[in-house]
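Undergrad: Numbering (the numbering used here), first residue to last: 3 to 303.
Heads up, some of the hints might be wrong.
Simulated restraints, written as ranges between beta carbons of each label pair [as the list claims (entries may be wrong)]: (1) Arg302 <-> Arg210: 39 to 45 Å; (2) Arg210 <-> Pro230: 31 to 37 Å; (3) Glu219 <-> Gly285: 14 to 20 Å; (4) Gly284 <-> Arg104: 49 to 55 Å; (5) His214 <-> Arg94: 16 to 22 Å; (6) Arg281 <-> Ala160: 30 to 36 Å; (7) Glu222 <-> Gly285: 19 to 25 Å.
Hint data in this document are derived by calculation from the structure and do not stem from the laboratory. Owing to the predicted nature of the structure, the values given are computational and were not obtained by experimental measurement. All residues carry an ideal CB built from backbone N, CA and C; glycine is no exception.
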Amino acid sequence: MAATAACAARDERCFCREADWGCGAGGDRSDGRDHKCARGCPASAAGVRARNGGEGSGGGGDGVPSGDDSGGGGGGCGGEVAGGCFGTRLRRSLDVLGGALRLYGTGRLAIAFNGGKDATVILHLMRAAVANHRRVVATEEASLPTSSPILSMYITDADAFDEVECFVRATAARYGIEAVDQAGGFKAGIEAFVRCRGVAAFVLGTRRDDPHGGRMEHFEPSSAGWPPFMRVNAILDWSYADVWRFLRHWRLPYAGIYDRGYTSLGGVSNTAANPKLRRPDGGYEPAYCLDDARDERAGRT
3 MAATAACAAR
13 DERCFCREAD
23 WGCGAGGDRS
33 DGRDHKCARG
43 CPASAAGVRA
53 RNGGEGSGGG
63 GDGVPSGDDS
73 GGGGGGCGGE
83 VAGGCFGTRL
93 RRSLDVLGGA
103 LRLYGTGRLA
113 IAFNGGKDAT
123 VILHLMRAAV
133 ANHRRVVATE
143 EASLPTSSPI
153 LSMYITDADA
163 FDEVECFVRA
173 TAARYGIEAV
183 DQAGGFKAGI
193 EAFVRCRGVA
203 AFVLGTRRDD
213 PHGGRMEHFE
223 PSSAGWPPFM
233 RVNAILDWSY
243 ADVWRFLRHW
253 RLPYAGIYDR
263 GYTSLGGVSN
273 TAANPKLRRP
283 DGGYEPAYCL
293 DDARDERAGR
303 T
């Protein structure tokens with residue numbers, strides 16, 4: 003477990019290194035153009051998957067970002083970056099998580115990990131932020147175990163994609179996450195989780211371009227009628243392209259369903275591959291090839 007903590011500590015330093023993202027040197031270097039899909043790029047999507055771990059792996063490398071991959075990665079094919087340098091947004095996300103850890107500690111702060119792309123980003127940012135938190139906490143906390151203290155809630159759903167649920171289980175085991183299943187739907191699950199675990203805040207993967215995300219703040223109290231907790235929106239200012247830039251730059255594992263044209267996941271009954279990614283041969287490009295982020299939910303009904 004000590005090795006895992008050391009890797010997570012390295013993650014935090016690498017994520018923060020703005021030079022990796024071209025900050026101050028003309029904007030983002032990693033603009034998603036390091037690959038091209040079959041819709042007009044130099045390397046096929048299959049080749050990208052092979053480089054990143056093969057079909058079904060969701061592009062997964064070893065899951066420990068090294069920060070020394072200068073090849074870029076992530077983002078959609080031709081996806082634009084909004085709001086300035088991605089490195090700045092990345093650092094802001096880590097600052098938000100650092101603040102949340104100072105306020106709530108590792109015992110009262112949890113993530114809601116459902117296997118989606120945004121939740122996967124949150125998981126790895128939390129690994130990095132927790133490693134940094136452990137380096138700066140007071141001396142009396144320095145003797146705490148070095149195993150991952152990340153607490154995760156998973157809302158079980160009979161309509162969930164089996165492969166996504168398998169990814170959730172495998173990811174929790176891979177990184178030593180304390181994963182707790184909650185049944186009964188999102189609201190009831192949160193109520194039970196808050197009551198039983200004493201959680202005061204959840205780190206969520208909400209972005210401003212999500213439904214109802216436009217007026218959110220990085221720290222947003224729960225809505226009326228819900229149990230009291232703080233919503234920590236660590237990637238609020240990220241774009242769709244940013245999510246894929248982050249996951250693919252460090253070759254982090256993600257659910258393999260995204261490699262088959264799914265761009266936004268609900269349940270089996272209301273989610274299909276995104277028609278905007280359909281190829282002439284009837285197959286689909288990977289989610290990171292979506293040109294227009296406004297079409298992210300085009301496969302949802």
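Undergrad: Which hints from the list above does the structure break, by number from lowest to highest?
TA: 1, 2, 3 and 7
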